[in-house]
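**Student:** Below are the chains, spelled out letter by letter.
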Amino acid sequence: MDPFVKLTGVAAPLDRVNVDTDQIIPAVHLKSIERTGFGKHLFEPWRFNANGSPVPDFVLNKPAYSNASVLVAGRNFGCGSSREHAPWALSDYGIKCVIAPSFADIFFSNCFQNGLLPLALPEEQVREILDHATANPGVELTVDLEGQRVWSEDEKISITFEVDSARRHALLNGLDNIGLTLEHEDKISAFESSRGL
Amino acid sequence: MPPQTLFEKIWDAHLVHDEPEQPSIIYIDLHLVHEVTSAQAFDGLRMADRPVRRTDLTIATADHNTPTWELTRPVVDEISIKQLEALTKNCEEFGVTLYDRFSPYQGIVHIIGPDLGYTQPGKTVVCGDSHTATHGALGAFAIGIGTSEVEHVLATQTLRQFKPNTMEVRINGELPAGVSPKDVILGIIGRIGVNGGVGHVIEYTGEAIRSMSMDGRMTVCNMSIEGGARAGMVAPDQTTFDYLRGRRFAPQGKDFDEAVEGWKTLPTDQGAKFDRLVEIESSSLEPFVTWGINPGMVIPVTSRVPDPASYSDPNEREVAERALQYMGLEPDTPMEEVKIDRVFIGACTNARLEDLRAAAEVVKGKKAHPDVYSMVVPGSALIKQQAEEEGLDRIFTDAGFDWRVAGCSMCLGMNPDILEVGQRCASTSNRNFENRQGKGGRTHLVSPAMAAAAGIAGHFVDIREWS
Numbered sequence: 001m002d003p004f005v006k007l008t009g010v011a012a013p014l015d016r017v018n019v020d021t022d023q024i025i026p027a028v029h030l031k032s033i034e035r036t037g038f039g040k041h042l043f044e045p046w047r048f049n050a051n052g053s054p055v056p057d058f059v060l061n062k063p064a065y066s067n068a069s070v071l072v073a074g075r076n077f078g079c080g081s082s083r084e085h086a087p088w089a090l091s092d093y094g095i096k097c098v099i100a101p102s103f104a105d106i107f108f109s110n111c112f113q114n115g116l117l118p119l120a121l122p123e124e125q126v127r128e129i130l131d132h133a134t135a136n137p138g139v140e141l142t143v144d145l146e147g148q149r150v151w152s153e154d155e156k157i158s159i160t161f162e163v164d165s166a167r168r169h170a171l172l173n174g175l176d177n178i179g180l181t182l183e184h185e186d187k188i189s190a191f192e193s194s195r196g197l
Numbered sequence: 001m002p003p004q005t006l007f008e009k010i011w012d013a014h015l016v017h018d019e020p021e022q023p024s025i026i027y028i029d030l031h032l033v034h035e036v037t038s039a040q041a042f043d044g045l046r047m048a049d050r051p052v053r054r055t056d057l058t059i060a061t062a063d064h065n066t067p068t069w070e071l072t073r074p075v076v077d078e079i080s081i082k083q084l085e086a087l088t089k090n091c092e093e094f095g096v097t098l099y100d101r102f103s104p105y106q107g108i109v110h111i112i113g114p115d116l117g118y119t120q121p122g123k124t125v126v127c128g129d130s131h132t133a134t135h136g137a138l139g140a141f142a143i144g145i146g147t148s149e150v151e152h153v154l155a156t157q158t159l160r161q162f163k164p165n166t167m168e169v170r171i172n173g174e175l176p177a178g179v180s181p182k183d184v185i186l187g188i189i190g191r192i193g194v195n196g197g198v199g200h201v202i203e204y205t206g207e208a209i210r211s212m213s214m215d216g217r218m219t220v221c222n223m224s225i226e227g228g229a230r231a232g233m234v235a236p237d238q239t240t241f242d243y244l245r246g247r248r249f250a251p252q253g254k255d256f257d258e259a260v261e262g263w264k265t266l267p268t269d270q271g272a273k274f275d276r277l278v279e280i281e282s283s284s285l286e287p288f289v290t291w292g293i294n295p296g297m298v299i300p301v302t303s304r305v306p307d308p309a310s311y312s313d314p315n316e317r318e319v320a321e322r323a324l325q326y327m328g329l330e331p332d333t334p335m336e337e338v339k340i341d342r343v344f345i346g347a348c349t350n351a352r353l354e355d356l357r358a359a360a361e362v363v364k365g366k367k368a369h370p371d372v373y374s375m376v377v378p379g380s381a382l383i384k385q386q387a388e389e390e391g392l393d394r395i396f397t398d399a400g401f402d403w404r405v406a407g408c409s410m411c412l413g414m415n416p417d418i419l420e421v422g423q424r425c426a427s428t429s430n431r432n433f434e435n436r437q438g439k440g441g442r443t444h445l446v447s448p449a450m451a452a453a454a455g456i457a458g459h460f461v462d463i464r465e466w467s
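Those protein sequence lines, which keep their order, are chains A and B.
Its first residue numbered 1, the first sequence is counted upward by one per residue in the working numbering.
Its first residue numbered 1, the second sequence is counted upward by one per residue in the working numbering.
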């Protein structure tokens, strides 16, 4: 897995609550057996009209935000399905950090498996970032996981945060969870024998 | 030992490794695999030259992509064919049992697990699908996982998890007539909200749950994720044991009786503490229908489409306005006057035998509304066969409802069963997200009986008034 240490990039405001996985990547695009190539379908229902033309009002279709690498959204982001294609699509598009007041559990966990930081901040701080990114199209944010701080280039935004230490360590170092678990393989075997499995 | 909840007992019994501030490593007893979320996981194993650790605890089926037309007609979507072929190839290469499109045991992954007796009380169950909570109805701890975690379980038969919090949802009193398990879970989600359960495992308790059948409990647990919960569970009891006895892959004979003795120790101890409690009176539950774009946007069928202008919170108002615009509904319209184009009876929420019986009872001797196309999709090949032995298929087809072969069908818009733009559907599935059943489709979640009645009447009806 690619590590996530520090990122500077355009922040795109998506001021909606309960953004679900069917909007992030519709099921019809889950048929691919690859891990890449999902970015072109990211937010397809909102981003494109039925004839495939871009919806001009959608944030990622506005030139100032089209190369965003930070997405800022409302509460309960990623609710719905367990599809890891959701973080794959975000990441493939170029979005490496989603900031929201809260996340759905499975989406949250899936992000950490893919070098993507789901950053949960208090609602009023997310509002502040949303408003700032809306008022200043194309404004860049820096998200520093090592220093646990997020700030805008003009320093109007400067917020410290805390990410759970185990998840932070894994993301900073791009650790392979399977490798970590297999360090305890003796314990897995012992568990199996004790249970007669 | 302090009193423990059902969840805590299962969690403790599966701890392989635990250290402070790290996720615990828990053992997984049953791993269910399907075509959509597994291909990249098998690829990962291949790249790292890792085997599937426990092929005997891993079962695969094809359900999401498979068309529900007759089996003699082939799959035509080329990308679907590739994904289905990848599953077959991966299962062969890694030695995993696969119930493919033509197997008598094929079906929706969350229907076949319990139906075949794989899912049992006290087990840890995972699947790369958010509706894995369904299996919790048997007193298992069952959670949906992503593809990386699928690979992790394939390789290690364990999962790294932070211990979730616990939440009791207690439904007091017997259910009123005409109120189904689907209405119970829609009522719960309406109450706690679509993120009300985030970070929690819900245990459903109370009289209404105790007197519910296994099929009904599975409907309730199925939609736990729609309330944001990590899992949903029901303590095993005689209903659970009677359901499991004699099932194909459940313990048999004396082994079964011994297993039951163990399962009887699982229910939450008196005095055990949950982190949260939500209490709901059964008498407050009614036949529900969703009006918006998430399952928390739900109202009794006898009420009217909400008016966003009545919302005091401007954010909530905007969300409601957007929802009504997408759904093509006017504020204050009585739900019973909302006309529909399609009916979908199926999905892991409501495609078990009891669901099909409830729908058939409503339809029996009646004719489908001429403007509505209705389809009934049994949850598994075995359920299809049982339903046909009871003559349910004839009741549906005589009324003009389509009778299909098993699969996820129109729950999620990734196989040929989809809504057209603007079509309105009374659906027994679990998600009414925008575009879920097909781009521009409008989904209203209801119980099987309510869906069936809507297919006859052409609009939503209060099932308590149905004759």
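None of these hints come from the bench; they were simulated from the model.
Accuracy of the hints is not assured; some may be wrong.
[Claimed, not checked] Listed below are the simulated DSS-like cross-link pairs for lysine-lysine, each with C-alpha atoms no more than 25 Å apart in a straight line: (1) B:Lys-367 <-> A:Lys-40; (2) A:Lys-187 <-> B:Lys-366; (3) A:Lys-62 <-> A:Lys-156; (4) B:Lys-439 <-> A:Lys-62.
**Student:** So, for every hint listed, does it hold in this structure?
**Tutor:** Going through the hints against the structure:
| no. | hint | verdict |
| --- | --- | --- |
| 1 | B:Lys-367 <-> A:Lys-40 | violated, 45 Å |
| 2 | A:Lys-187 <-> B:Lys-366 | violated, 61 Å |
| 3 | A:Lys-62 <-> A:Lys-156 | holds, 23 Å |
| 4 | B:Lys-439 <-> A:Lys-62 | holds, 23 Å |
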